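Sequences listed follow chains A and B, in order. Under numbering that gives the first Met the number 0, the residue at position 276 of the first sequence is numbered 275, and the numbers go up by one with no gaps. Under numbering that gives the first Met the number 0, the residue at position 180 of the second sequence is numbered 179, and the numbers go up by one with no gaps.
Source of the hints: derived by calculation from the structure; they are not laboratory data. Bear in mind that the values here come from a model prediction, so they are computed numbers and not experimental data. Cβ coordinates follow ideal geometry from the N, Cα and C atoms, glycine included. A few of these clues could be false.
[As the list claims (entries may be wrong)] Computed beta-carbon distance windows for the label pairs: (1) Glu314(A) - Asp202(B): 29 to 35 angstroms; (2) Asp100(A) - Ser144(B): 22 to 28 angstroms; (3) Arg135(B) - Lys218(A): 33 to 39 angstroms; (4) Asp199(B) - Ala258(A): 54 to 60 angstroms; (5) Ser144(B) - Glu314(A): 36 to 42 angstroms; (6) Asn272(B) - Asn310(A): 25 to 31 angstroms; (7) Ala243(B) - Ala237(A): 56 to 62 angstroms; (8) Asp313(A) - Pro242(B): 35 to 41 angstroms; (9) Asn310(A) - Asp134(B): 29 to 35 angstroms; (10) Tyr91(A) - Gly209(B): 32 to 38 angstroms; (11) Asp313(A) - Ser144(B): 36 to 42 angstroms; (12) Phe147(A) - Arg135(B): 48 to 54 angstroms.
Listed here are the chains, written in short residue letters.
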Amino acid sequence: MTGKKSFLGLVGVLALIAFSGTAHAEPYLAAQMGLKCVQCHVNPTGGGLRSVFGNAFAQTQLAAKKIGSDEDLWTGQVMKFLAVGGNARANYSFTDVPNQDSTNDFAVEEARAYLDFSVIPNRLSVYIDQRFAPGNATNLEANIRYWFTENGAYVKAGRMYQPFGYRFEDDNAFVRQMSGFNMQTPDEGIEFGFEKGSWSTQVGLNNGTGGAPEVDSGKQVVARTEYVGSVWRMGASAAFNSTDVGDRVGAGLFGAFRAGPVTFLGEVDYFDDDSIGVAGRKLMASLVEADWKVLQGHNVKLTFEWLEPDNDVDEDEQTRTSLLYEWSPIQFIQLRGGVRMYDGIPQNDLQNRTQAFVQLHGFF
Amino acid sequence: MDIQFIKSLACKGFLTLPLGVALAGCAGNGEGLDANGRPISDIPIVNSDFQEIQDTIFTPICSGCHSGAGAPQGLRLDAGNSYALLVNVSSAEVPGTLRVNPGNPNASYLVQKIEGTAAVGVRMPASGPPYLPQDRIDLVRRWISAGAPAASGPPNNLVVTSTIPAVSESTAPGLGKLTVIFNANVDSSRVSADTFTLRDASDQLVTLAGVRVPTGRQNVVEITTARPLAAGSYQLAVHGDGPAPLAGESGFVLDGDADGKPGGDTLIPFDVNAGVVR
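Let's have the full structure, built from the sequences with the hints guiding it.
Shown next, in the form of structure tokens:
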């Protein structure tokens with residue numbers, strides 16, 4: 000979109016936002032607004048490049064204050080058939096591990112760019128998610144997406160994140176770490192999705208190798224479905240990975256509801272993994288999160304997580320409690336800071352560390 | 000509905016966040032586990048740099064993600080899988096570089112990843128900071144420089160590596176068993192009530208019911224007290240001196256005072272505290 004048509008399009012988007020309340024990027028934002036992931040992201044399962052709607056929301060609803068003129072709104076559409084986006088996160092963190100000297104450092108957590116070539120608008124796209132830092136460039140997603148009908152069924156093939164539970168930004172959340180489904184472990188395969196009414200459903204078939212080349216004939220099947228209401232939502236996930244070193248079976252429940260300015264999210268996952276060790280393991284992880292929208296552009300996030308790394312072993316559980324403040328002073332900038340407290344078995348110092356961080360997050 | 004049940008539900012995420020946070024402290028107390036959170040019976044004998052790398056790096060830190068069929072980049076770092084997937088195996092991220100290139104740590108992708116110099120991707124562990132302490136990185140480098148052997152010969156000393164309860168730990172009343180773990184197999188014929196002594200705060204000997212090396216765990220000694228320990232301070236001594244010094248299977252007497260020479264006692268003070276809840 001360019002010129003007058005672009006501006007009129009944006010007016011339409013803004014009007015939609017005004018009537019719907021708002022839209023967003025992280026799961027709590029979607030839950031807060033009663034929207035599906037696909038509303039703000041070109042990827043139906045969320046994460047990565049933001050849609051025109053998502054970009055408009057970031058500028059008009061997410062930020063405490065918008066600077067610049069309304070006619071200069073960024074849509075991500077740099078050409079008729081090409082949309083771009085990106086994320087960059089710079090951290091300063093302080094870590095205290097019992098019986099060790101504390102450390103503090105600056106680091107680039109990530110710098111990523113997204114490209115979406117809509118060769119047939121709203122029907123056929125080629126999508127690329129490339130990480131440029133830290134280290135050299137790494138491809139995270141590269142896939143072809145075809146919508147059979149607008150907002151109906153789609154098929155996606157190539158390299159992609161797998162649909163399971165909530166796609167949290169924090170890959171170290173116990174539910175994402177334990178399940179192995181996070182933004183560090185895209186896999187190669189195919190995904191079918193259905194976005195009908197209040198339902199969002201995906202079924203995927205992939206190598207099940209965490210992004211590595213296939214090593215056996217077994218494959219992984221992943222499925223996720225979610226009912227999205229305006230105030231509450233509920234969903235379930237399942238995964239089955241057949242490998243030469245053992246089968247891995249998992250299931251999870253997740254949901255969210257909004258109570259005034261506070262949005263609650265929860266997820267609990269269970270895995271029976273015969274591919275670990277000799278006897279296999281049964282693992283469980285859960286997360287409960289509360290997000291309080293104090294004011295526009297200000298969010299307080301409180302999270303409690305629990306991890307059972309081996310159900311057959313007593314007294315090995317771990318917890319993680321996080322308190323974060325997220326401030327979006329102007330569009331496309333977010334300042335995040337907070338504390339994460341780990342609690343584990345006393346004989347493992349790392350399981351009892353405390354971490355404080357400040358993060359500058361730029362996105363578009 | 001008792002408090003333990005509510006706490007259990009809160010820990011598992013079934014109740015709301017405020018309740019979960021209010022009842023935080025749902026982590027395990029680690030009783031009967033090693034530092035990796037595994038049952039004490041799973042403790043392998045430490046007899047090589049690689050085993051030490053497994054026990055202090057791969058198992059406690061890496062295998063949280065790098066385990067099972069879905070391990071990132073297909074790299075499983077749980078015990079039993081790690082060696083075969085590392086040594087002389089091409090990296091999935093940079094296929095031209097071996098994960099571990101025996102004799103050449105600088106050209107080993109594993110070293111590049113833990114030092115943060117790899118061409119691709121984030122520094123490991125991905126949950127860092129904290130990243131690995133320099134002495135752990137040095138251990139990996141030393142192992143690779145030595146040719147990345149799967150195992151070496153038995154160690155040339157005998158030292159205590161950990162105990163339950165740990166040094167200076169406060170534990171709950173009712174404790175009746177102490178566990179001492181060594182870096183190598185002990186000579187079970189030299190394990191007796193004279194080799195291990197337990198004294199209370201008034202320096203009185205606490206009567207022991209038994210001292211034994213469990214079957215199949217030759218690097219572990221279990222000490223059972225005649226009665227559960229009452230609240231108070233205690234000190235367990237493992238003797239490398241005196242009439243009955245402890246020795247390993249290979250004949251080395253315990254280096255109890257960690258001076259690099261055989262001899263000396265290892266002292267493990269701990270408290271039994273009525274305020275500690277199991």
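Hints versus structure:
{"no.": "1", "hint": "Glu314(A) - Asp202(B): 29 to 35 angstroms", "verdict": "holds (32 angstroms)"}
{"no.": "2", "hint": "Asp100(A) - Ser144(B): 22 to 28 angstroms", "verdict": "holds (26 angstroms)"}
{"no.": "3", "hint": "Arg135(B) - Lys218(A): 33 to 39 angstroms", "verdict": "holds (36 angstroms)"}
{"no.": "4", "hint": "Asp199(B) - Ala258(A): 54 to 60 angstroms", "verdict": "holds (55 angstroms)"}
{"no.": "5", "hint": "Ser144(B) - Glu314(A): 36 to 42 angstroms", "verdict": "holds (38 angstroms)"}
{"no.": "6", "hint": "Asn272(B) - Asn310(A): 25 to 31 angstroms", "verdict": "holds (29 angstroms)"}
{"no.": "7", "hint": "Ala243(B) - Ala237(A): 56 to 62 angstroms", "verdict": "holds (59 angstroms)"}
{"no.": "8", "hint": "Asp313(A) - Pro242(B): 35 to 41 angstroms", "verdict": "holds (39 angstroms)"}
{"no.": "9", "hint": "Asn310(A) - Asp134(B): 29 to 35 angstroms", "verdict": "holds (34 angstroms)"}
{"no.": "10", "hint": "Tyr91(A) - Gly209(B): 32 to 38 angstroms", "verdict": "violated (54 angstroms)"}
{"no.": "11", "hint": "Asp313(A) - Ser144(B): 36 to 42 angstroms", "verdict": "holds (40 angstroms)"}
{"no.": "12", "hint": "Phe147(A) - Arg135(B): 48 to 54 angstroms", "verdict": "holds (52 angstroms)"}
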